[in-house]
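Trainee: Start from the sequences and build out the full structure, keeping to the hints where you can.
Number of protein chains: 4
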Amino acid sequence: MHNNTAISELIEAGKWISQRGWVPATGGNFSARTNSGFVVTASGFDKGQLGSHTFIELDHVGNRSASAAKPSAETELHLCMYKLIPAANYVLHTHSVAATVLSRVIKGHSLDLDGYEMQKSLTGITSHLDTLSIPIFDNDQDIDRLSLLVSDHHLHMPIEHGVLIRGHGLYVVGRTISEVRRQLEGLEFLFACEIERLKLVGLES
Amino acid sequence: MHNNTAISELIEAGKWISQRGWVPATGGNFSARTNSGFVVTASGFDKGQLGSHTFIELDHVGNRSASAAKPSAETELHLCMYKLIPAANYVLHTHSVAATVLSRVIKGHSLDLDGYEMQKSLTGITSHLDTLSIPIFDNDQDIDRLSLLVSDHHLHMPIEHGVLIRGHGLYVVGRTISEVRRQLEGLEFLFACEIERLKLVGLES
Amino acid sequence: MHNNTAISELIEAGKWISQRGWVPATGGNFSARTNSGFVVTASGFDKGQLGSHTFIELDHVGNRSASAAKPSAETELHLCMYKLIPAANYVLHTHSVAATVLSRVIKGHSLDLDGYEMQKSLTGITSHLDTLSIPIFDNDQDIDRLSLLVSDHHLHMPIEHGVLIRGHGLYVVGRTISEVRRQLEGLEFLFACEIERLKLVGLES
Amino acid sequence: MHNNTAISELIEAGKWISQRGWVPATGGNFSARTNSGFVVTASGFDKGQLGSHTFIELDHVGNRSASAAKPSAETELHLCMYKLIPAANYVLHTHSVAATVLSRVIKGHSLDLDGYEMQKSLTGITSHLDTLSIPIFDNDQDIDRLSLLVSDHHLHMPIEHGVLIRGHGLYVVGRTISEVRRQLEGLEFLFACEIERLKLVGLES
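Residue numbers (our numbering), protein chains in the order written: chain A, 1 to 205; chain B, 1 to 205; chain C, 1 to 205; chain D, 1 to 205.
Each statement offered as a hint is correct.
Since the list gives no way to pick out one identical chain from another, each pair is judged satisfied if it fits inside one copy or across any two copies.
Cross-link-like lysine-lysine pairs, in silico, BS3-like; alpha carbons within 27 Å at most: (1) Lys107 / Lys120; (2) Lys199 / Lys107; (3) Lys15 / Lys120.
It is worth saying that the hints were derived from the structure and are not from the lab.
Mentor: What follows is the structure, given as structure tokens:
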């Protein structure tokens, strides 16, 4: 995929994600793996109004190949996800209320969901009886250290769809733009359901 | 009704339903009974952006008469609803947060609502003092087995407006497109109210 | 005010109200007092897509003067409000989740609010220290009987801004279209706040 | 900055804020510091449909220099914020459900947030481990008295991003229009998260 194609897809995805309220206050960042390396959103822009000047182009090892804009601080974690999951061509990092709150009130190291038909919107899940497990990592301003933690975890428990960062948000991956958007939408639906369910049955249930 | 008329109505309904967030992540499916059999949405499309190519045409016994697209896995349950309820000409299957969560936290075999004026948006209900009862079936990836369960239930307790599948969503029927849309909107309003009411008074109330 | 002016204002208000989700499933009805009597929405139409054919014209005593459409079942309660409150030129009847649920979980005969700055959006309220009291009447399918109850109540406790019908919705009045819309918006904001507050502090607080 | 530039920016901000539901029922008011003094919204207008005629121009000491419209009752508090915080060029005062409810259920004199990545959308906050503290003042219809209280507080505990008025809403400041909008959006996101978190863990946690 050419950089320009990826950038167009991410601009479109950004509008859609912003309308849902998942990238408030210039938060979030998006990236894609391309022929020449990667494209990733620059820091500090409204993700609902991206343009081609709001992207950074990186080469295959993640060095900036053109443009003087400041790459997002979390670029390192995007590159980490691409390294760990060879099939991933897109990474979307979003900040929804549901992802932020769920990842705080769930005290363990993963959000484990079952009993929801919508789990099947995640590639590889074929039944509501399966458990969908999304790892939760404690937030860390040191992105290198956080990336190392994610990599270590992946060695004995492969990450499939994405990860939650506690009190921070979601990183979700996909092979195609439609897969990554579907997985984001499916996960956000499940987070919204789980928050509502926990309000009714209590955190201890 | 001709297939094309039904398809136009379902495309329009899909936009409206998608805007309300009730068919996330390519979930949900819609169908209509027509002169030549049935039309039903194909699997895997965004239900807010349907086109004529995203529908499957079936004959009177439910066999595919044209088009090579994959019918939705839940087509069988649509056909089951048409068989059980001769007056039904439309079936909308949706996935809202409220329907998903209510059908999980209510442990019994039906959601029973009373005291709401909006119950009267359901055909045949004339007072808030009536009880509106929507059967809840446990989710099952085996749609034939699930359809059989729904049929058995209908024998001794006729289904009038629709059914809930636990942790999955709603199937709602109607004679006309406006009736099925009104019943969907009325039920979703009632689900939203009941969730909020239960948060305040507790699940045991 | 001419009927046509009132109808235009109510069509516009209907779009705005529908977008906020306060008249789902063809619910709700709107009216205005005019030179020649009253105009009121006909039954069974989507209140977000009103046209001049969806209104009934009534004379000064409330008899239908033209048009064969069925008046809304709740027209009687609109006429009752105009009789009780001579300054009222508009009545909007809406069905929001918050009004429906609050009027059920509050067991007494009024919703009493204080401590909210937004109370001042209601005409005559000048401080958050005032108590804003909205009477709650039990729902009744017999609108004549319900109207009588509202009239009786008004004799010893004058209704100022509107009334809640339990499990049903809100009737709000205003002298001008902008006043009635502002009062509707202010009350719905307060209902939304109060529902959230009660979730946090509990119903007994 | 010229008055006209500031007015254009605030008209645009008003549309955006109104769409999010943070200035219902003509509530809220906005202002900017300009070359010739200040511009501030006039009272009683829908903040989502502002025009140049809905602004009051004030000179450097806050006296009305032109226009006969009634300044917002809360203009005094805007001027107070500009006096206390020399770097502030914009003040947005909004009424969201979350700000209104949180400021009531939190009984102390500040809302203290930590553990949220989104705290970093507030200028000067660089880590989720920092505590973001927004002072809460009891509401008072006497704006001069309220302004005095805010000024006193500022002397021993400088206000950085804004203040909450209990049961009333938020005042947020910024050096540029994009900073004040980002800080508003970030704070509202945090308020929404904190309300949801408290519903799950309880007010005492």
